[in-house]
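Protein chains: 2
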Amino acid sequence: MDNFVALFLIISSLFTTSVIADWNILKQRWSRNGVGDSLKNYCESWRMNVEVSNIRGFSVVPQECVGHVKKYMTSTQYKADSKRAAEEIKLYFSGCCTLKGDGKDAWIFDIDETLLSTIPYYNKHGFGGEKLNSTSFEAWIKESTAPALDHTLEIFHEIKNRGFKIFLISSRRETLRSATVDNLIKVGYHGWSNLMLRALDDELMEVKKYQSKMRQRLVDEGYRIWGIVGDQWSSFEGLPSAKRAFKLPNSMYHIA
Amino acid sequence: MDNFVALFLIISSLFTTSVIADWNILKQRWSRNGVGDSLKNYCESWRMNVEVSNIRGFSVVPQECVGHVKKYMTSTQYKADSKRAAEEIKLYFSGCCTLKGDGKDAWIFDIDETLLSTIPYYNKHGFGGEKLNSTSFEAWIKESTAPALDHTLEIFHEIKNRGFKIFLISSRRETLRSATVDNLIKVGYHGWSNLMLRALDDELMEVKKYQSKMRQRLVDEGYRIWGIVGDQWSSFEGLPSAKRAFKLPNSMYHIA
Chain S
30 MDNFVALFLI ISSLFTTSVI ADWNILKQRW SRNGVGDSLK NYCESWRMNV
80 EVSNIRGFSV VPQECVGHVK KYMTSTQYKA DSKRAAEEIK LYFSGCCTLK
130 GDGKDAWIFD IDETLLSTIP YYNKHGFGGE KLNSTSFEAW IKESTAPALD
180 HTLEIFHEIK NRGFKIFLIS SRRETLRSAT VDNLIKVGYH GWSNLMLRAL
230 DDELMEVKKY QSKMRQRLVD EGYRIWGIVG DQWSSFEGLP SAKRAFKLPN
280 SMYHIA
Chain G
30 MDNFVALFLI ISSLFTTSVI ADWNILKQRW SRNGVGDSLK NYCESWRMNV
80 EVSNIRGFSV VPQECVGHVK KYMTSTQYKA DSKRAAEEIK LYFSGCCTLK
130 GDGKDAWIFD IDETLLSTIP YYNKHGFGGE KLNSTSFEAW IKESTAPALD
180 HTLEIFHEIK NRGFKIFLIS SRRETLRSAT VDNLIKVGYH GWSNLMLRAL
230 DDELMEVKKY QSKMRQRLVD EGYRIWGIVG DQWSSFEGLP SAKRAFKLPN
280 SMYHIA
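Chains as they are written, first to last, in my numbering: chain S, 30 to 285; chain G, 30 to 285.
These are computed hints drawn from the structure, not numbers from a lab. These numbers were taken from a predicted model, which means no experiment stands behind them. Worth double-checking, as some hints may not be accurate.
Pairs count within a copy or across copies, as identical chains cannot be separated in the list.
[Said to hold, decoys possible] With a cut-off of at most 27 Å between alpha-carbon atoms, the simulated BS3-like pairs for lysine-lysine come out as follows:
1) K133 to K189
2) K100 to K238
3) K119 to K108
4) K108 to K272
5) K160 to K119
6) K119 to K153
7) K129 to K112
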């Protein structure tokens with residue numbers, strides 16, 4: 030009996046010790062979450078205020094929030110947010126517009142973080158926590174390896190098939206045209222009417238003004254701009270405006 | 030010895046059982062979180078797309094997301110988001126504007142979910158999950174018990190002290206004037222230049238158009254509108270626009 034009891038005691042104690050060890054790890058984890066909560070709140074409020082354009086013109090993501098931005102931009106939440114935006118775009122273009130069939134019904138898309146994802150580049154360059162190095166960024170663009178954003182790829186073709194003429198307006202420079210076209214085609218985009226890139230004259234212009242100028246050019250040519258899809262407020266603001274603008278998420282960088 | 034061992038065994042077993050019980054509760058919780066993740070993503074993407082105005086014109090919060098909205102609107106995250114917006118407003122008005130000192134430098138505030146919080150009402154009415162009952166909502170407004178949003182209260186006075194004239198433009202009806210004034214004063218707001226409410230003529234007008242009309246009136250009177258703070262995009266859109274608009278969070282309702 031004594032032996033049996035002793036054995037049971039040892040096993041029971043070992044089990045207790047193991048469960049308690051897990052329990053302690055767990056408590057530590059909870060406690061860390063407790064400590065981390067206010068930083069998480071802080072960084073999430075930074076991200077949220079960037080998205081609604083209360084925070085503008087930052088040149089780098091605050092160092093303490095780089096981890097938060099990385100986590101978001103590589104999360105299922107980022108995908109869910111983009112998907113939901115695509116669904117709303119679909120809802121709009123399915124019922125919005127009486128197309129005249131004169132080839133003047135237009136739709137505009139941004140490129141980076143809209144048609145293509147530059148996350149693979151930012152993944153190697155601090156997720157917005159490092160100031161953008163144009164030379165290295167443009168070298169990466171020239172590789173033409175940016176993946177498509179799946180939900181935008183899908184609506185791009187649906188919008189085109191509905192009879193809208195598609196215009197791509199990007200702040201990428203004119204020198205990047207062939208790399209950009211290669212990349213777009215490689216991942217499945219085709220059939221746009223015009224790819225508008227920044228000419229030498231436009232390079233010193235604020236992107237917001239450049240975007241307005243390009244839209245003005247379309248309006249002057251008789252186009253009706255039914256929608257814009259982009260990740261930057263500078264693609265929507267100013268006149269002439271589109272009937273609807275759809276904002277895709279991006280907390281890695283801001284273009285004024 | 031046998032008694033001692035038996036006692037130790039009993040205590041040890043009781044302890045083990047108790048820890049295991051907690052452990053099981055915890056595992057259930059984790060598992061629930063796992064199952065809940067995609068609903069959480071879904072509702073968060075709904076909320077996010079409402080905030081950036083991709084989703085418009087909903088009359089009720091989707092039933093499956095009412096819990097998520099309630100959680101957010103009563104969370105430290107909602108407070109952090111509002112606080113961060115207030116900090117950005119402060120940053121802007123501290124350096125933005127060369128005031129002429131002619132009494133024509135204006136700033137506009139919304140009322141609900143901007144100066145005052147209607148969360149106590151929505152807390153009793155499904156956090157946006159029930160269609161708004163104007164009669165019961167207006168009866169609640171007449172109680173004049175809406176609390177201030179602390180961060181807005183602070184910047185309200187700072188903006189006023191800087192020499193801006195403050196205009197409150199609300200879609201509350203003219204009949205609610207005295208209850209609104211009572212409520213505002215009770216929680217610490219005073220010194221605004223004009224409280225603009227919806228007259229009988231304006232009640233059938235779309236709120237967005239009504240808001241534009243009120244801004245046009247100010248511009249016609251010679252005011253320069255430096256900023257608007259509101260929780261609805263319909264308070265910012267259309268012409269004339271303010272130099273800057275600041276969006277406060279609100280996922281309980283949408284005003285077109």
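Quick rundown of the hints versus the structure:
Taking identical chains as interchangeable, the C-alpha atoms of K133 and K189 lie at most 27 Å apart only when both belong to the same chain, with a minimum of 13 Å there against 48 Å between chains. For the identical chains of this complex, K100 and K238 are neighbours neither inside a copy (32 Å) nor across copies (40 Å), given an alpha-carbon limit of 27 Å. Only within a single protomer do K119 and K108 lie at most 27 Å apart by alpha-carbon distance; the minimum there is 16 Å, versus 33 Å between protomers. In this assembly of identical chains, the alpha carbons of K108 and K272 lie at most 27 Å apart only when taken from the same copy (26 Å versus 33 Å across copies).
For the homomeric pair K160 and K119, the shortest alpha-carbon distance between copies (25 Å) is at most 27 Å, but the shortest distance inside one copy (35 Å) is not. In the homo-oligomer, the alpha carbons of K119 and K153 never lie at most 27 Å apart, since the shortest distance is 33 Å inside one protomer and 35 Å across protomers. With identical chains, the CA atoms of K129 and K112 are never at most 27 Å apart, being 29 Å at best within one copy and 47 Å at best between copies.
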